[in-house]
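Engineer: Now for the letters of each chain:
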Amino acid sequence: MVKKNKVWELLDQISDPEIPVLTIRDLGILRDVEITEEKVVVTITPTYSGCPAMTTIEDDISALFIKEGIQDFDINLVLSPAWTTDWMSEEGRVKLREYGIAPPENEIDKSVLFAEPPVISCPKCNSEDTRMVSQFGSTACKAHYQCNKCLEPFDYFKCLK
Amino acid sequence: MNSLFEYLIRLGDDSLILGHRMSEWCGHGPILEEDIAMTNISLDLIGQATNLLKYAGEVEGKGRDEDELAFLRFDRDYKNVLLVEQPNGDFGMTMMRQFLFDAYRKPLFEALVNSSDEQLSAIAVKSLKETKYHLKHSAEWVIRLGDGTEESKQRVQESLDTIWRYTDELFFTDDIEKELLENGMSADLEEIKVAWMETVNQVLSEATLNIPDHGWQHDGGRRGMHSEHLGYILAELQYMQRAYPGMEW
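Protein sequences appear in the order of chains A and B.
Positions -13 to 147 (the numbering used here) are the ones given, in order, by the first sequence.
Positions 271 to 519 (the numbering used here) are the ones given, in order, by the second sequence.
If you're looking for bench data, these hints aren't it; they were derived computationally from the structure.
Predicted model only: the values in this text are computed from it and were never measured.
Mixed in with the good hints, there may be bad ones.
Computed list of lysine-lysine pairs in DSBU-like fashion (alpha-carbon distance at most 35 Å, straight line) [said to hold, decoys possible]:
no. : chain 1 : residue 1 : chain 2 : residue 2
1   : B       : Lys448    : A       : Lys135
2   : B       : Lys406    : A       : Lys135
3   : B       : Lys332    : A       : Lys25
4   : A       : Lys81     : A       : Lys135
5   : B       : Lys332    : B       : Lys399
Residues of chain A placed beyond 10 Å of chain B at every Cβ, according to the derived structure [as the list claims (entries may be wrong)]:
no. : residue
6   : Asp60
7   : Tyr85
8   : Asn112
9   : Asn134
Restraint ranges, calculated between C-beta atoms of paired labels, are given here [as the list claims (entries may be wrong)]:
no. : chain 1 : residue 1 : chain 2 : residue 2 : range
10  : A       : Ser75     : B       : Asn480    : 33 to 43 Å
11  : A       : Val98     : B       : Glu506    : 35 to 45 Å
12  : B       : Glu303    : A       : Gln(-1)   : 31 to 41 Å
For glycine and all other residues, C-beta sits at the position ideal for the given N, C-alpha and C.
Just chain A, with the same shape it has in the complex (with noise of 0.2 Å):
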């Protein structure tokens, strides 16, 4: 049977469909791979309920474990505990300023009416002069924002907790 180890690693090739950039793991979405005597055991689960990558990633582990010859396996997904921005990893945040969309920032408290936005920074020019268009962007993950000071817009991954 294959190692637990070397399984991980494999999936390190598995990235978010919307955001290449990030692999499942640095996103959080991979929460646990077993190796029973039978088979592969991987745990996902998703970040909004309607999440419509959720397929696409299941498809490409299923893709990924026939080539490398693993035959028999398990996709499961799990609601509980719930997903939060919490769970992406440093070096995901890292790597999603890099791509041009900010990183999540604590929120206070989003369900305050007309509350201020977060303080979110530019992640062309660092500027935090930016302002919130709309708090649903191109997924239903992000957020869009315009940076005021270099006129950039771009995505903002929003705070889910």
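Chain A is already provided as a structure; the job is to place chain B on it using the hints.
Structural biologist: Just chain B now, with coordinates in the frame of chain A:
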């Protein structure tokens, strides 16, 4: 009858039908950002429906999965409240309907986090995070439009007058609700109603809008008795699976 199955169908159908309604805005939003916001919310709702209906299928134990439950039931078997199947109307109407629903969903999921049913609790934890964003979005729009221009205020007040009569049904209680409440699985709708009323009063007063004083309230959705609108939704929703049974892509 399996009470938990029935309860999950109610929650799941609310999400499914409202998610479908919101998706009708795709490509028709008043501005690009709102088009994206509404489709994002739609996606969250359909995701929640997937989780709830999938679990309902498992609880039922007859081999029906979430797709079969979403696409292959008849209208009387859908148990969503009438509010969520009402037509989108203008943007203000859509935001008002969404607000009245979100203000109910947030305290509901907060309570279901403590459900004695582990999987329902897990779904609630996940859904609550998303619902907070939805409520903030819809409440802010209700305030902007209500406390906006003369025309926006008049139109959104008319929307409120039109759909207020569907709000009481959100708190519809029958033996199924009571049985699950006794088992610690569901939420106490009387408490949810207090929380809902508080949010509604606060936001509508900031929006300078008035709760209509007509007392008439509709119900029927939870018993499978729907308005005409659901038929049209199902015709669109189910077309592919009816025309090409078992198709996938």
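Engineer: Which hint numbers does the structure go against, in order from smallest to largest?
Structural biologist: 1, 10
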